[in-house]
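Using the sequences and the hints, build the whole thing.
Here are the chains, one letter per residue:
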Amino acid sequence: EAQVTQNPRYLITVTGKKLTVTCSQNMNHEYMSWYRQDPGLGLRQIYYSMNVEVTDKGDVPEGYKVSRKEKRNFPLILESPSPNQTSLYFCASSPRGASVPNTEAFFGQGTRLTVV
Amino acid sequence: GDSVTQMEGPVTLSEEAFLTINCTYTATGYPSLFWYVQYPGEGLQLLLKATKADDKGSNKGFEATYRKETTSFHLEKGSVQVSDSAVYFCAVSGGSYIPTFGRGTSLIVHP
Numbered sequence: 001e002a003q004v005t006q007n008p009r010y011l012i013t014v015t016g017k018k019l020t021v022t023c024s025q026n027m028n029h030e031y032m033s034w035y036r037q038d039p040g041l042g043l044r045q046i047y048y049s050m051n052v053e054v055t056d057k058g059d060v061p062e063g064y065k066v067s068r069k070e071k072r073n074f075p076l077i078l079e080s081p082s083p084n085q086t087s088l089y090f091c092a093s094s095p096r097g098a099s100v101p102n103t104e105a106f107f108g109q110g111t112r113l114t115v116v
Numbered sequence: 117g118d119s120v121t122q123m124e125g126p127v128t129l130s131e132e133a134f135l136t137i138n139c140t141y142t143a144t145g146y147p148s149l150f151w152y153v154q155y156p157g158e159g160l161q162l163l164l165k166a167t168k169a170d171d172k173g174s175n176k177g178f179e180a181t182y183r184k185e186t187t188s189f190h191l192e193k194g195s196v197q198v199s200d201s202a203v204y205f206c207a208v209s210g211g212s213y214i215p216t217f218g219r220g221t222s223l224i225v226h227p
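Line order of the protein sequences matches chains C and S. Numbered per my numbering, the first sequence spans residues 1 to 116. Numbered per my numbering, the second sequence spans residues 117 to 227.
No wet-lab data here; the hints were simulated from the structure. Computed from a prediction, not measured in an experiment: that's the story for all the values here. The reader is advised that the hints may include incorrect statements.
Claimed, not checked - In silico SDA-like pairs for lysine to any residue, Cα to Cα no more than 20 Å straight-line: (1) Lys57(C) x Ser119(S); (2) Lys69(C) x Asn51(C); (3) Lys176(S) x Tyr155(S); (4) Lys65(C) x Val54(C); (5) Lys57(C) x Gly210(S); (6) Lys57(C) x Gly117(S); (7) Lys168(S) x Glu179(S); (8) Lys65(C) x Asn7(C); (9) Lys57(C) x Asp118(S); (10) Lys71(C) x Val54(C); (11) Lys65(C) x Leu11(C); (12) Lys176(S) x Ala133(S); (13) Lys168(S) x Arg96(C); (14) Lys193(S) x Thr140(S); (15) Lys176(S) x Leu135(S).
Written out as structure tokens, the structure is:
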């Protein structure tokens with residue numbers, strides 16, 4: 001089954017304790033992205049990646065890191081989480097290229113992070 | 117860059133009422149337009165899309181028409197059900213990348 005898998009689904013952590021949220025897709029998509037969803041603010045893009053070893057900042061990258069060492073994986077790293085990073089996070093993937101323009105994005109189920 | 121403006125929610129309706137959620141966009145070139153739906157506790161999933169002017173996307177009784185002259189892509193459904201309660205996101209894609217999303221509109225349908 002084609003899917004984007006995020007882990008964990010729920011996470012409660014303390015301020016300053018490094019954490020990683022994993023994201024994996026099995027559709028051979030080139031493009032992957034991380035969003036955070038907050039009430040009243042909708043979806044805001046954190047980082048995106050157009051291919052292996054190619055990443056770029058989205059609208060709200062501060063406090064986050066990403067890496068893209070393999071095509072299928074795109075982990076989100078919070079080196080020193082703070083309470084304002086409490087949010088619902090989504091990973092998404094999409095094919096990219098002239099042969100598949102304007103295609104839909106596929107989303108993971110989300111990770112609800114609470115930083116206390 | 118691309119941008120999307122959609123109506124603020126929540127939209128509260130009784131079952132079998134008519135639904136309209138407004139969406140307007142700005143984008144260069146010839147973008148594709150999308151509506152995504154997020155049911156409680158789940159990720160976003162594609163509801164419908166349209167890839168060129170005057171196209172009508174439809175799915176599960178929902179419809180939206182790509183209006184280039186008014187840069188709009190309003191979502192409609194003739195008779196909503198309780199199970200349609202969700203958050204709806206309008207999105208525009210001006211290229212081959214992941215779309216730009218609106219802020220989302222929460223729909224609450226009462227029996």
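Structure-based check of each hint:
Restraint check for Lys57(C) and Ser119(S): satisfied, since their Cα atoms lie roughly 17 Å apart, inside the 20 Å limit. For the hint pairing Lys69(C) with Asn51(C), the CA-to-CA distance comes to about 9 Å; that is within 20 Å, so the pair holds. A threshold of 20 Å between alpha carbons decides the hint, and for Lys176(S) with Tyr155(S) the separation of about 14 Å falls inside it, so the pair holds. Only pairs whose Cα atoms come within 20 Å are accepted, and Lys65(C) paired with Val54(C) is accepted, the gap being roughly 13 Å.
For the proposed pair Lys57(C) and Gly210(S), the alpha carbon gap of about 18 Å is at most 20 Å, so the pair holds. Of the supplied pair hints, the one linking Lys57(C) and Gly117(S) holds, its CA atoms being roughly 15 Å apart against a limit of 20 Å. Our distance criterion of 20 Å between C-alpha atoms is met by Lys168(S) and Glu179(S), whose separation comes to about 15 Å. The suggested pairing of Lys65(C) with Asn7(C) holds, with an alpha-carbon distance near 16 Å, which does not exceed 20 Å.
For the proposed pair Lys57(C) and Asp118(S), the alpha carbon gap of about 16 Å is at most 20 Å, so the pair holds. The hinted pair formed by Lys71(C) and Val54(C) meets the criterion: a straight-line CA distance of about 10 Å does not exceed 20 Å. Straight-line distance between C-alpha atoms of Lys65(C) and Leu11(C) comes to about 18 Å, which keeps the hinted pair within the 20 Å bound. For a cut-off of 20 Å, the pair hint linking Lys176(S) to Ala133(S) stands: about 15 Å separates their Cα positions.
For the hint pairing Lys168(S) with Arg96(C), the CA-to-CA distance comes to about 19 Å; that is within 20 Å, so the pair holds. Of the pairs offered as hints, the one joining Lys193(S) and Thr140(S) holds, with about 18 Å between alpha carbons and a cut-off of 20 Å not exceeded. Only pairs whose Cα atoms come within 20 Å are accepted, and Lys176(S) paired with Leu135(S) is accepted, the gap being roughly 13 Å.
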